[in-house]
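So you can see what is in the structure, the chains are spelled out below.
There are 4 protein chains.
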Amino acid sequence: MRTTRTQRPPVRTRLPRAEREERMLEAAGAAFAARGFHAASMDQIAAASGISKPMLYNYFGSKEGLYAAYVERSGQALLESMRHAAPRDAPVEERLSAGVLAFLGYVDEHRPGWSVLYNEAATQGGPVAAKVAGMRARIAEMLAQIFDSDVLAHAFVGAGESLANWWLTHPDEPKEAIADQLMAIARISTRV
Amino acid sequence: MRTTRTQRPPVRTRLPRAEREERMLEAAGAAFAARGFHAASMDQIAAASGISKPMLYNYFGSKEGLYAAYVERSGQALLESMRHAAPRDAPVEERLSAGVLAFLGYVDEHRPGWSVLYNEAATQGGPVAAKVAGMRARIAEMLAQIFDSDVLAHAFVGAGESLANWWLTHPDEPKEAIADQLMAIARISTRV
Amino acid sequence: MRTTRTQRPPVRTRLPRAEREERMLEAAGAAFAARGFHAASMDQIAAASGISKPMLYNYFGSKEGLYAAYVERSGQALLESMRHAAPRDAPVEERLSAGVLAFLGYVDEHRPGWSVLYNEAATQGGPVAAKVAGMRARIAEMLAQIFDSDVLAHAFVGAGESLANWWLTHPDEPKEAIADQLMAIARISTRV
Amino acid sequence: MRTTRTQRPPVRTRLPRAEREERMLEAAGAAFAARGFHAASMDQIAAASGISKPMLYNYFGSKEGLYAAYVERSGQALLESMRHAAPRDAPVEERLSAGVLAFLGYVDEHRPGWSVLYNEAATQGGPVAAKVAGMRARIAEMLAQIFDSDVLAHAFVGAGESLANWWLTHPDEPKEAIADQLMAIARISTRV
DNA sequence: AATGAATGAGGTTTCATTCAT
DNA sequence: GATGAATGAAACCTCATTCAT
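Chains as they are written, first to last, in numbering that gives the first Met the number 0: chain F, 0 to 191; chain R, 0 to 191; chain H, 0 to 191; chain X, 0 to 191.
Hints were generated in silico from the structure; no laboratory data involved. Note that beta-carbon positions come from the ideal geometry of N, C-alpha and C, so glycine has one too. Among the hints, erroneous ones may be present.
What the hints assert, rightly or not - Dumping the calculated DMTMM-like pairs for lysine to aspartate or glutamate here, alpha-carbon to alpha-carbon at most 25 Å:
| # | chain 1 | residue 1 | chain 2 | residue 2 |
| --- | --- | --- | --- | --- |
| 1 | F | K52 | X | E20 |
| 2 | R | K174 | F | D149 |
| 3 | H | K52 | H | E79 |
| 4 | R | K52 | R | D179 |
| 5 | F | K174 | R | D147 |
| 6 | X | K62 | X | E21 |
| 7 | H | K174 | X | D147 |
| 8 | H | K130 | X | D147 |
| 9 | F | K62 | R | D42 |
| 10 | F | K174 | F | D42 |
| 11 | X | K174 | H | E140 |
| 12 | F | K174 | F | E63 |
| 13 | H | K62 | X | D107 |
| 14 | F | K174 | F | E108 |
| 15 | X | K52 | F | D42 |
| 16 | R | K52 | R | E21 |
| 17 | R | K130 | R | E140 |
| 18 | X | K52 | R | E140 |
| 19 | H | K52 | H | D88 |
| 20 | R | K174 | F | E140 |
| 21 | F | K130 | R | D171 |
| 22 | F | K174 | R | E21 |
| 23 | X | K174 | X | D107 |
| 24 | H | K52 | R | E20 |
| 25 | R | K52 | H | D42 |
| 26 | X | K52 | X | E79 |
| 27 | X | K62 | F | D42 |
| 28 | R | K52 | R | E92 |
| 29 | X | K174 | X | E108 |
| 30 | H | K174 | X | E25 |
| 31 | R | K174 | R | D42 |
Unchecked claim - To give a feel for the contact side, a few chain H residues facing chain X, derived at Cβ under 8 Å:
| # | residue |
| --- | --- |
| 32 | G35 |
| 33 | H37 |
| 34 | S40 |
| 35 | A45 |
| 36 | A46 |
| 37 | D147 |
| 38 | V150 |
| 39 | H153 |
| 40 | A154 |
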């Protein structure tokens, strides 16, 4: 009447912690991107990841915790991919171009991640917004070194985000074309 | 039991319909801007506007209806202010400059409105998102005529939005300085 | 600023009280029959009767009052129509037959009335149920004089109600055929 | 904090699913019978069954679902009790008599169930009414085989229902007496 | 470690009823 | 007498969260 777990391991192998976490974050990202933070429900996420709700709470503490973890992971991945796009000692223009391409590549390959990051830009309040703002600031810093201007750097970030979103609804446009346009703006801006 | 505002209203002056609506929209805007659509509650909005919940429903039908009305009003106001910023027959650069200033002015004076418009840009789903997208598209069209390029127009919109948000956290910067930077980008972009 | 009503009568003639009441009851009956007491709303009834809600309250005091008035009127009309169906000094069988036909005639011509009377028969609680029970009791009494048995009288009432409802969903059957069947039961019952 | 019923349950014994369901249906039946579908509230039912509202929704999906489940259960129980009242190969009169007694027995022992079934006969609309109508039709069919007449069968059902209700307010009358009267009507009707 | 089952709290919405004119 | 406009109260339902196993 009660299952025994004494002797030989039962059939269902216990997943390693990392993979469990991965699955949860994946499901959470899909839900958050599709319906927004509030409209996504822990029930859905648990069901979609095939893992029970108490596990979600065990791993992430709360809905906000799960959200924060997902945002964190997405942000880190984006930063990482941009940072390693070109060697540090490459010429400025090459580094910028590689960064832009990396950015667009990330958006293309991690739509939910990008979607959540972008939407959360503005959701005032909460420590999550701060995290996103911080990440954006770090990107802006990277650019500010190039543009020599905070304002221009922010403008460039906004232009990139806007184009990325526009691109998502015009998928025929090749990634390189988008990147070229952005580079044109950048090239001129640096000369201002 | 409720305070009256004027001199000798016999008992409790019935507010004219327009003013009531105005109050509700004001409160709704504040709530939506501060907490987002889902997290804002009709209870809060009713309390903040000093009007009972059933009235909210009587005027706007549903939470979505109220939201839509607010987005509509904010969008129209922004468009209007940009459209009338300069005479139609003024030189292109002047018109653009006036539009940019009008845009920044609106953001400055209607933070909740801007906040809601900007945040809801991406909240997928719902007919409201469509409305916001439509409005953004109309702005982009206005610009596309100037830039001769959809892509550049969208990039410019994004740059403007991003700068507007950056500016909100750096209020010391004068509006005109921001506008100048945007104009610089625009000026060059048109020459590309 | 305030309408004057001093000299000549304004255009919209004031309805006489009786007709107003009639209209309200008509609309109320339709609503109660169609959706039941609780599901019917005063808003609908007011709208359907073309008279404002405060008038409803002025005339009937409350929703229950309106309901009671409608039930009362319907019950009286049914009783009346059965009572006057045949002269008091007619032979028993003729009186019964006439009563049965009058009953079916009422059901046919006043569906909402009948519907409300029949449905509310059992909705326990409230003084309205008592009124319906009373009316039914009076019909049963009329019959008890004929059948010499309370029990049979109630059985006959039930049979009649059930047939009436069955008939409503089989309108092709002529009224007289239904009446004949009922009479057959009655005829035998009296001889038991 | 909640009382436990048995001897040494460690803390708060988790009720088996079946019993929980049973309790909910019991409380629901009482509420529906006493106040009708609309007037009964989920809050009351939850409180009366000592189980939280979300559980009600978890088990039955909605108020209508709970209602449907209760009606279904009551109807099945009534049908079952009538069907098994006498062996299929018993003489007609014996079967009918046993059925009538079973019917009265059910009414006597399951007042709320009967009350709900009887009231819902007419509540127009909804899939629940259809279910009740179906059950009544099946009873009528059983009878139609005996009476050789749809009309008489329906009349008999009505007579039975009416007598059952009359009996509920005259509990001194022995069940067998009521059954005898019904049988008398039936006996004659079959001979018509 | 892992989960089915349970709930307090709060959400949107509607309704009968009543002012103030 | 007559009504548009207003509201307190309560309804159904859902969700993040946590026991008890």
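The hints, checked one at a time:
no. : hint              : result
1   : K52(F) / E20(X)   : 24 Å, holds
2   : K174(R) / D149(F) : 15 Å, holds
3   : K52(H) / E79(H)   : 31 Å, violated
4   : K52(R) / D179(R)  : 46 Å, violated
5   : K174(F) / D147(R) : 20 Å, holds
6   : K62(X) / E21(X)   : 16 Å, holds
7   : K174(H) / D147(X) : 20 Å, holds
8   : K130(H) / D147(X) : 37 Å, violated
9   : K62(F) / D42(R)   : 23 Å, holds
10  : K174(F) / D42(F)  : 37 Å, violated
11  : K174(X) / E140(H) : 22 Å, holds
12  : K174(F) / E63(F)  : 34 Å, violated
13  : K62(H) / D107(X)  : 34 Å, violated
14  : K174(F) / E108(F) : 12 Å, holds
15  : K52(X) / D42(F)   : 18 Å, holds
16  : K52(R) / E21(R)   : 15 Å, holds
17  : K130(R) / E140(R) : 15 Å, holds
18  : K52(X) / E140(R)  : 53 Å, violated
19  : K52(H) / D88(H)   : 48 Å, violated
20  : K174(R) / E140(F) : 22 Å, holds
21  : K130(F) / D171(R) : 24 Å, holds
22  : K174(F) / E21(R)  : 46 Å, violated
23  : K174(X) / D107(X) : 9 Å, holds
24  : K52(H) / E20(R)   : 24 Å, holds
25  : K52(R) / D42(H)   : 18 Å, holds
26  : K52(X) / E79(X)   : 31 Å, violated
27  : K62(X) / D42(F)   : 22 Å, holds
28  : K52(R) / E92(R)   : 48 Å, violated
29  : K174(X) / E108(X) : 12 Å, holds
30  : K174(H) / E25(X)  : 42 Å, violated
31  : K174(R) / D42(R)  : 37 Å, violated
32  : G35               : 6 Å, holds
33  : H37               : 3 Å, holds
34  : S40               : 11 Å, violated
35  : A45               : 20 Å, violated
36  : A46               : 20 Å, violated
37  : D147              : 12 Å, violated
38  : V150              : 5 Å, holds
39  : H153              : 4 Å, holds
40  : A154              : 4 Å, holds
Hints 3, 4, 8, 10, 12, 13, 18, 19, 22, 26, 28, 30, 31, 34, 35, 36, 37 from the earlier list are contradicted by this structure; the remaining hints agree with it.
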